[in-house]
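Let the sequences and hints guide you as you build the complete structure.
The numbering used here numbers the first residue of the sequence shown as 38 and each following residue consecutively.
The set of hints was computed from the structure by calculation and includes no laboratory data.
Keep in mind that the hints are not guaranteed to be accurate.
[What the hints assert, rightly or not] Below 27 angstroms or equal to it, Euclidean Cα-Cα: the simulated DSSO-like pairs (lysine-lysine) are:
#1 Lys89 x Lys149
#2 Lys203 x Lys181
#3 Lys83 x Lys149
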Amino acid sequence: TLLYGILLPGPHIARNHGPLLREVVERGHELGIHGLDHVFWHDHIKHLGREKTEEILREAVDVYREILGIEPLSFAAPGWMINEHAFRFLERNGFRYSSDVRGEYPFLPVLKGSVCGLVQIPTTLPTLDEVVGLEGRDSRSLVKYFMGSLRKGLNVLTVHAEMEGKHWVGFLDDFIRETLSAGFRFLRLVDIRDSLGDSADLPTREILFGQVRGRAGEVALQGAERSE
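See below:
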């Protein structure tokens, strides 16, 4: 898969798995948009202009509608990379929230001096691929690490099909069992968004770009409180 987007054209994953995606929604799970071309977005979105950014997002929305017959409510940026044009597009087109940065709690993002009214629900925990080898090499030690990383309130963990869906599926199963036993609940992000109420009551925070431990390249980060 590392060759896709570099030497080979990426496959149309969504269009090739329409029945599965419809089943996901029918079972009551939330299904949002995660870019269109993951590699291109990750590598270029920070510096893309409005026209190209909106072209990509419009096509992604069209594919979503084509497969599911409903409007998308949420977006998660590939590789936690985003720009201000994407924020504006999502806000104008009825998205309830987006999840594009690494951070600590929900907020309204500020990028290049402009506040976006679309709620941002950040990934709060490290991802498995970032800590394998650093915090453990087996399921038991990694579950222990992630359990120790949980805090009261909202925890958002990003999982990947190529990790937790394959070799590390046992880790994910054990982690879910452990968290439930400890009294944690699993909620859809769209329901968390609804529980937040009026977005105007949320804090505004700058979007920064920087490094996170265990991940190559930069990602978007929840920054400090916006100075007035």
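Status of the hints after comparison with the structure:
1. Lys89 x Lys149: Between Lys89 and Lys149 the Cα gap is close to 18 angstroms, so the pair holds against 27 angstroms.
2. Lys203 x Lys181: Since the Cα atoms of Lys203 and Lys181 sit roughly 20 angstroms apart, the hinted pair holds (cutoff 27 angstroms).
3. Lys83 x Lys149: 12 angstroms, holds
Every hint from the earlier list agrees with this structure, and none is contradicted.
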